[in-house]
Amino acid sequence: MVTTDTRINTETVLSVEDLRTYFTTRWGVVKAVDGISFDLRRGETLGIVGESGCGKSVTMLSLMRLIPIPPGRIVSGKIILDGEDIIPISEQEMARIRGSKIALIIQDPMTSLNPVFSIGNQVEEAIRIHQDIPRRSVTEKALEVLRKVNIPAAEQRAKDYPHQMSGGMRQRVVGAIGISCQPQVLIADEPTTSLDVTIQAQYLKLLKDIQRESNLSIIFITHDFGIVAKMCDRVAVMYAGRIVEHGSVRDIFNNPSHPYTEALLASVPKMDRDVDRLYSIEGQPPPLHDLPVGCAFADRCPDVMDKCREQYPDSLAVSDGHIASCWKLE
Amino acid sequence: MAADLSGIVIAPPTRRAKAAGVYRKIKRWPVIPMFLLGLVVFAGLFAPLIAPHDPESGELRERNIPPAWSNGERAVKTVVERMTINERTTSVTLSDAQKIDPNIQLGDRIEVFVRPAGSTKFLLGTDHLGRDVLSRVIYGARISILVSVVTLAVGGTIGVTMGLMAGWYGGFVDEFLMRLVDIKLAIPLILIALVLVITLGQSLWIIVTVLCLFIWPRFARQVRGEVLQLKHMDYVSLAKVSGASTPRILFIHIFPGTINTLIVVATLQVGIVILLESTLSFLGAGVPPPTPAWGSMVADGRDKLAGGVWWISTFPGIAIMLTVMSLNLFGDWLRDTLDPRLRQLE
Amino acid sequence: MTTTESPAQTTEPGQVLLEAKNLKKYFPVTKGLLISRVTGHIKAVDDISFELRAGETLGVVGESGCGKSTTAKMMLMLEEPTDGSILFEGQDVHHTSAEVRKAYRSSVQAVFQDPWSSLNPRMRVKDIIAEPMVINWSISRSEQQARVMKLLNDVGLNEYHSNLFPHEFSGGQRQRLAIARALALNPRVIVLDEPVSALDVSIRAQIMNLLKDLQKEYNVAYMLIAHDLATVRYMCTWVAVMYLGQIVELSPVKELFINPSHPYTKALMSAALPSHPDMEQEEIILQGEVPSPLNPPSGCYFHPRCPAAMDRCSVEKPITKEISPGHSLSCHLF
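Just so you know, the sequences run in chain order A, B and C. Numbering follows the working numbering, in which position 75 of the first sequence is assigned residue number 75; successive positions increment by one, without gaps. Numbering follows the working numbering, in which position 13 of the second sequence is assigned residue number 13; successive positions increment by one, without gaps. Numbering follows the working numbering, in which position 17 of the third sequence is assigned residue number 17; successive positions increment by one, without gaps.
Here chain A stands alone, though its shape is the one from the complex (with noise of 0.2 Å):
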């Protein structure tokens, strides 16, 4: 598993600067994503870590422009997709970037496609979206999308609905209609979740094979460390709305410099050795309407001092390219 290769160049596609997306909810506002900023370069996989609730999935949202608005908006930063700032730009501008440039693959296969139209059908939609070209053409497009994702008799399966495929082919069906526009971006949400774990290694593998021919841009979201020691060259770990530590995969494995970072690898069972007890992080994140003036991991955190308590940590260096925000490391 090479995963550091010459690939990757140092070309920027999508940069976040400083993002924050609210929501304002019946407790008070919400700070889903606050102030978070990280790079992805061309050909390489980025991994988003964190539990249910750390914003991991608001993030996905904004960079897609998909947040709900109203309860949800997106208060301030940018994020630059292709030199462009999508932000400020309009709703049908962004329904073009969407599929083209940026594309979405998540979790339920099932909901993700429509169970009434072919799976044939529904990659050719995707394409014809973005793509002003005939229609023959529309449909051997489809197929040649479909052979890529490695769906076997791709000819006789595009005839197929939904209901019709196991779990693994529609999340391939699912995959096939995110990277059918050669999108530059894709962001995968646990795409892996609901698939058996020898399903889960073809897709993965498929995933790979797919970013080395095309020099994709991926961002894994997830919350298993496992998919990012597999996939992902660099990791940001999030933490109540906030990046705590953002690295490459294996400065993070090997330092890892966060508290929290440190006591999620050690909570996690190995399967290469045996362990005689897990370190187990106690308490349970703060609710995101009500985080406390410092740094929002202080109460679980085993190393907190005076100063965790009072403000939020500055993002320190540990080495080059990779940060931490912890009092610990000034």
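None of these hints come from the bench; they were simulated from the model. Accuracy of the hints is not assured; some may be wrong.
Think about it this way: if two alpha-carbon atoms lie no more than 25 Å apart in a straight line, the pair counts; the simulated SDA-like pairs of lysine to any residue are [claimed, not checked]:
hint : chain 1 : residue 1 : chain 2 : residue 2
1    : C       : Lys212    : A       : Asp224
2    : A       : Lys208    : C       : His276
3    : C       : Lys212    : A       : Ala266
4    : B       : Lys240    : C       : His276
5    : C       : Lys126    : B       : Thr93
6    : B       : Lys240    : C       : His167
7    : C       : Lys126    : B       : Gly257
In this text the structure is predicted, and so the values were computed from the model without any measurement.
Given chain A's structure and the hints, the job is docking chains B and C onto it.
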């Protein structure tokens, strides 16, 4: 070790959040329907105390008196010795005319009341037998409430039992009970009611029976659907694992889960029951006269509408309409409030 | 009636509590609405045998449709086996008096995957936890409540939680409540059906550690249904790998991770997600998907996907062989 992990405190909502919640609830409450329904229930319960007159007897000479705010109607007519039916609108007999003015002569023209003015004695006027319409409308609420309560109790119980059995046992039992539901849909119940009344005579119990037959399938269907979902919940399996008996599972774990739906269905069904009861009464298959029922009151006034006597039918009609509409609005609100799937969307 | 107080814990760790012998569960597939006829059988579980020992955990791993949930249901008497027997302390629980069955039921409890569906939302915590006692034990209300408080403490919750309703708890706490309920009758065996997979990563370790502590304290046997091999490695003493209703490999956990032998086990290990980016894994990507249990392949059920398939695999069903003490598998390679 494990014991200290629980420092997870469930924070009670702040006072402001609570107040905001209450405000939100009030804002959403269907105030008008609730008020009207309260009025109907109040009228039904305390009819003898609030009704100004006896609803079942009246003086014939006080018949067809219009509502209190009506001014009556006068017309100038010629005094004649004798008149034919055709001359009624233009002439008046000497004997009648002398009651107003003893000095009147044949051939004179005199101004007479075609219709008397309303009086505060009868706020909504009187019917063709001189009975107070207001009192009858008030007592009519009683019949509607009685019929709905009995019907809901009996029909609801039958429906819930059937639904629980169909959903829980599935297979043949389910098939059989659901086919019964289909059969009900194919039977013209109003026709059956009419036939029953002709053969057995009018009685309250016939309508209650017919209405029960009408409403149980709705309950059965809703409960069955709910049971089909609930019986796959893990807590039902866990109850089985703990050795719980079927009745225990049905009544402790499944039935309480259907109550929200039942309340909603019951509210919406009351509207239908009242409407049907009125329909049957209107057709003469309802509560036997002289007991006042809204439906039969509408029927009573029906042939007087042409003569300008509109109030006999109109007021019970309005009562039916407002009650049923309030019930539907209230039922919709209840469904929105009690259905957790919709509640999450708030 | 059953005893009023907890049965004395006399079992030694490692003593065989429960034995499943040649368990089978076939679901008939029918056609036709009114006059239905059986057109085939889904062989959900097809002739499996295993043992559960006090104080030990048997992990059952496999992909969806491999029969692990059906096995769990048979253990819990939620499904009747088509054939085979479950021996509990030497007695066949399906061919015995109602009393023994009742005793079995209260000795085998369960914790399920979804903490949101395993607690009745309309009951208070104290009633949920006390329910098994209400059904099975004739003890007074105050004794029940005293035990509920003890159980809440055991699973790391507080006494004031007993008056709350389930929706006032988080997922992890709810799973603790489910565990407290499962412990109420002092069971000898607890079936854990994916008890942590619905929980957040940071909460999983809490629950796994709790389960381990409770096992040490009460010497209870666990049967853990799981799909994650890392979890199995951490939690289990024994592992059974299931494929299409059969146990293809059964082994002590250490042995299995050092020396996985069945090609399917190897494939599962290679497909499992690594715990470190530099972890060495064989790259075995299985082709295709699990065949339908309605119409399983001939011979060895795994042969159409097996990278090491030979001619005889498609013809002859492999028999179960023990390759080292306690480590048995069904494959023609051995």
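Hint check:
Distance check on the hinted pair: C/Lys212 and A/Asp224 sit about 22 Å apart at the alpha-carbon level, within 25 Å; holds. The straight-line distance between the Cα atoms of A/Lys208 and C/His276 is roughly 18 Å, inside the 25 Å bound, and the hint therefore holds. Distance hint between C/Lys212 and A/Ala266 is fulfilled; the C-alpha atoms sit about 17 Å from each other, no more than 25 Å. For a cut-off of 25 Å, the pair hint linking B/Lys240 to C/His276 is broken: about 42 Å separates their Cα positions.
Taken as a hint, the C/Lys126 and B/Thr93 pair is broken in the structure, with Cα atoms around 88 Å apart against an allowance of 25 Å. The hinted pair formed by B/Lys240 and C/His167 meets the criterion: a straight-line CA distance of about 22 Å does not exceed 25 Å. At roughly 19 Å between alpha-carbon atoms, C/Lys126 and B/Gly257 fall within 25 Å of each other, so this suggested pair holds.
Hints 4 and 5 from the list above are not met by this structure, while the remaining hints are.
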